[in-house]
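As you go down the protein sequences, you meet chains A and B in turn. Numbering-wise, my numbering puts 231 at position 231 of the first sequence, and it's gapless, one number per residue. If you want my numbering, it's the 1-based position in the second sequence plus 296.
Bear in mind the hints are in silico, worked out from the structure with no lab data behind them. Warning: the hint list may mix true and false statements.
Simulated pairs of lysine-lysine, DSS-like, Cα-Cα distance not exceeding 25 angstroms [unchecked claim]:
no., chain 1, residue 1, chain 2, residue 2
1, A, K125, A, K98
2, B, K355, A, K220
3, B, K558, A, K160
4, B, K499, A, K60
5, B, K499, A, K209
6, A, K55, B, K499
7, A, K160, B, K355
Pulled from the structure, derived: some chain A residues nowhere near chain B, Cβ distances all over 10 angstroms [unchecked claim]:
no., residue
8, K15
9, E105
10, E131
11, I185
Some chain B residues well away from chain A (every beta-carbon gap over 12 angstroms; in silico) [what the hints assert, rightly or not]:
no., residue
12, Y354
13, D393
14, A404
15, M417
16, R431
17, G458
18, P460
19, A507
20, Y532
21, M579
No residue lacks a Cβ here, since even glycine has one placed at the ideal position from N, Cα and C.
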Amino acid sequence: MTESHAFRLAVASGKGGTGKTFVAVSLFYILQEKDLPLCLADCDAEAPNAMLFFKGEREKTMEVTQSIPLIDEEKCTFCGRCHEVCTYQAIFILPAMKVIRVMEEICHDCGACYWACREDAITEKEISLGEVSRYRIAGEAFIVESRTRAGVYSPVSLIKAGIAEAGNKGIIILDAPPGTSCPFIQTVAPADYVILVTEPTPFGLSDLKQSAETLRSLQKPFGVIINRAGIGDQGVQQYLKEQAIPLLLEIPFDPALAVAYARGLNPAASSQALGEALSDLFNKIVAAYGNCSHQR
Amino acid sequence: MEIAVISGKGGTGKSSVTAALASCAGEVVLADCDVDAANQYLLFMPEIEEEQVYVSGYKAVIREDVCDNCGLCMQYCRFQAIHLVNGQVRISETACDGCRLCARVCPAGAVEMHECNRSRMVSGSFRKGRMVYGRLAPGEENTGKLVSMVRNKARELAAKSGIPHILIDGPPGIGCPVISSITGTDLVIIVTEAGISGFHDLKRALEITGAFQVKTWVLINKYDLNPEWTESISEYCQEKEITVAAKLPFDPLFTDAMVHQKSVIEWAPEKLVSRQLSNLWEMITANAEMNENGLSAGIHR
Numbered sequence: 001m002t003e004s005h006a007f008r009l010a011v012a013s014g015k016g017g018t019g020k021t022f023v024a025v026s027l028f029y030i031l032q033e034k035d036l037p038l039c040l041a042d043c044d045a046e047a048p049n050a051m052l053f054f055k056g057e058r059e060k061t062m063e064v065t066q067s068i069p070l071i072d073e074e075k076c077t078f079c080g081r082c083h084e085v086c087t088y089q090a091i092f093i094l095p096a097m098k099v100i101r102v103m104e105e106i107c108h109d110c111g112a113c114y115w116a117c118r119e120d121a122i123t124e125k126e127i128s129l130g131e132v133s134r135y136r137i138a139g140e141a142f143i144v145e146s147r148t149r150a151g152v153y154s155p156v157s158l159i160k161a162g163i164a165e166a167g168n169k170g171i172i173i174l175d176a177p178p179g180t181s182c183p184f185i186q187t188v189a190p191a192d193y194v195i196l197v198t199e200p201t202p203f204g205l206s207d208l209k210q211s212a213e214t215l216r217s218l219q220k221p222f223g224v225i226i227n228r229a230g231i232g233d234q235g236v237q238q239y240l241k242e243q244a245i246p247l248l249l250e251i252p253f254d255p256a257l258a259v260a261y262a263r264g265l266n267p268a269a270s271s272q273a274l275g276e277a278l279s280d281l282f283n284k285i286v287a288a289y290g291n292c293s294h295q296r
Numbered sequence: 297m298e299i300a301v302i303s304g305k306g307g308t309g310k311s312s313v314t315a316a317l318a319s320c321a322g323e324v325v326l327a328d329c330d331v332d333a334a335n336q337y338l339l340f341m342p343e344i345e346e347e348q349v350y351v352s353g354y355k356a357v358i359r360e361d362v363c364d365n366c367g368l369c370m371q372y373c374r375f376q377a378i379h380l381v382n383g384q385v386r387i388s389e390t391a392c393d394g395c396r397l398c399a400r401v402c403p404a405g406a407v408e409m410h411e412c413n414r415s416r417m418v419s420g421s422f423r424k425g426r427m428v429y430g431r432l433a434p435g436e437e438n439t440g441k442l443v444s445m446v447r448n449k450a451r452e453l454a455a456k457s458g459i460p461h462i463l464i465d466g467p468p469g470i471g472c473p474v475i476s477s478i479t480g481t482d483l484v485i486i487v488t489e490a491g492i493s494g495f496h497d498l499k500r501a502l503e504i505t506g507a508f509q510v511k512t513w514v515l516i517n518k519y520d521l522n523p524e525w526t527e528s529i530s531e532y533c534q535e536k537e538i539t540v541a542a543k544l545p546f547d548p549l550f551t552d553a554m555v556h557q558k559s560v561i562e563w564a565p566e567k568l569v570s571r572q573l574s575n576l577w578e579m580i581t582a583n584a585e586m587n588e589n590g591l592s593a594g595i596h597r
């Protein structure tokens, strides 16, 4: 970790609801003690929950937009070229009836129709995909939240904008969306290290395997936190042993902590032991991976 | 009748609830539409009868022997996927959206489009009927098309085998795959949990079901962990005229059942949560009959 380079730590999980945000907000809480710029980028843009656990002043909100084609029906000759080049089938055309429509929800803003049109009939307009907001929690500690508009085809643009807004200084925690599809990849791509949070159940194990294999193919260093340790079975522990994947921490299932968390209290504020364990873990990760840069 | 179970927030118990409902039905077609993390097959171990390739999109690949590095493709690419690396044009696989524009503009014909064909749709039989699920390959885009493919297959199987009910285990979130999971269904059940995050994500999920005008019920899971939040969620639903169809207590039986590859109803049929879920299934079928008879005076969304 140097002045000019941020250390980016992604917290992810294959399965939803394993405690990814639980770990991310706890880390943010304890890392505020370090005298470094700190930012938590909530990249779970369809269900952003990190800000529920903090109070802060919104300093900035920016709309993230994409362009969609606007077709001038006066100029359009209904030749169908734009329809043919649209890989996403977002342009609907009935030449005989002189009908042409753009289906905004499935347009990916690739520009092919614009390029294909020979009649100069296509201009573009901006539509909103959602918002990225920056909150100052304390001093140099910020939360950047990416939030999609409901029903947007992909949260990827919002995730990228959120990560960019989180800047390039100090410690940046990335709270990833669940799964292993595109939005997950975009979140972990700039990370120096990834913590996978799972639970010791067959569903947790199945989704963990998929996440672990994906991170391996991306050559990302990662380790696993088992949340709600004590429930379920030993399958996750066995898998980690077999695969030589570091087991970073086991957080025992604690109903009192779960209740406090559900009420919006920060787990690290409720449990000093958890805070200390995460603090130790973070220091170890930085010592091992803090100087290498896995930026794309 | 098609019933979709979704959640907004992950990990609220959506899949466990879906599995329990599947066990209540006489016969059912179970469609696991959480294609990014399909789990139902782990419980029900279906006998696989068919596997189909799902092409999720394309990736542009440069033929370096043909490319003369003119850079025209870089000017057109809107996904910042093309860069010059040591004088050679390179396309980033993760950033490429597969739009083909680079292939179309390339004067040398040096761009090939490769199919993303690692995703699958799997179907077969299990102890309660038929099952279909999607498995999206890592890194591929979840547009909802695989979800639609799974749902079409489920309808086909239901029609063929004369099974009246299709149960859909939907994905978390509020994006396209969720929309694809709920459109045209007879009933959506949103599983939430009593807490600040569950409530927040429930509101977002209700925006979606409201926008698509699908009849929606809410199930509050682990309601006893936070009675105050349960109260807030119930009041909110009442204001919005949405039925809270069940409130389930926190119960480790769900995890026990999962470890034994069973739904909670198969594992512990006499326990409270199982009886509650059986009642819920009765409510669902009663609702369907009312709809069929045109007598539905229930609460609509």
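For each hint, the structure was consulted:
Between A/K125 and A/K98 the CA atoms are separated by roughly 22 angstroms; this keeps the pair inside 25 angstroms, and the hint holds. For the hint pairing B/K355 with A/K220, the CA-to-CA distance comes to about 22 angstroms; that is within 25 angstroms, so the pair holds. Restraint check for B/K558 and A/K160: the C-alpha separation of about 40 angstroms exceeds 25 angstroms, so the hint is violated. A distance of roughly 24 angstroms separates the Cα atoms of B/K499 and A/K60; the hinted pair therefore holds under the 25 angstroms criterion.
A distance of roughly 31 angstroms separates the Cα atoms of B/K499 and A/K209; the hinted pair therefore is violated under the 25 angstroms criterion. This hinted pair checks out: A/K55 and B/K499 have alpha carbons roughly 20 angstroms apart, not beyond 25 angstroms. Taken as a hint, the A/K160 and B/K355 pair is honoured in the structure, with Cα atoms around 20 angstroms apart against an allowance of 25 angstroms. Taking the minimum C-beta to C-beta distance to chain B, about 6 angstroms, the non-interface status of A/K15 is violated against the 10 angstroms cut.
At roughly 8 angstroms, the least C-beta separation between A/E105 and chain B is not larger than 10 angstroms, which violates its mark as non-interface. Annotated as non-interface, A/E131 keeps its C-beta farther than 10 angstroms from every C-beta of chain B; the closest such distance is 14 angstroms. Distance check for A/I185 against chain B: the nearest CB is about 5 angstroms away, which does not clear 10 angstroms, and the non-interface claim fails. At roughly 7 angstroms from the closest C-beta of chain A, the C-beta of B/Y354 falls inside 12 angstroms, breaking its exclusion from the interface.
Here B/D393 does not stay apart from chain A, with its beta-carbon only about 6 angstroms from theirs, under the 12 angstroms limit. Residue placement check: B/A404 keeps its beta carbon more than 12 angstroms from all beta carbons of chain A (closest about 17 angstroms). Residue placement check: B/M417 keeps its beta carbon more than 12 angstroms from all beta carbons of chain A (closest about 16 angstroms). The claim that B/R431 lies off the interface is violated: its Cβ sits roughly 9 angstroms from the closest Cβ of chain A, which falls inside the 12 angstroms cut-off.
Distance check on B/G458: its Cβ is at least 31 angstroms (rounded) from any Cβ of chain A, clearing the 12 angstroms threshold; non-interface status holds. Non-interface status of B/P460 relative to chain A is upheld: no Cβ of that chain comes within 12 angstroms, the nearest being about 28 angstroms off. At the 12 angstroms boundary, the C-beta of B/A507 falls inside the reach of chain A, the nearest C-beta of that chain being 7 angstroms off. Against chain A, the non-interface label of B/Y532 holds: every CB pair exceeds 12 angstroms, the least being about 16 angstroms.
Every CB of chain A lies more than 12 angstroms from the CB of B/M579, the least distance being 25 angstroms, so the non-interface label holds.
Checked against the numbered hints listed earlier, the structure breaks hints 3, 5, 8, 9, 11, 12, 13, 16, 19; every other hint is satisfied.
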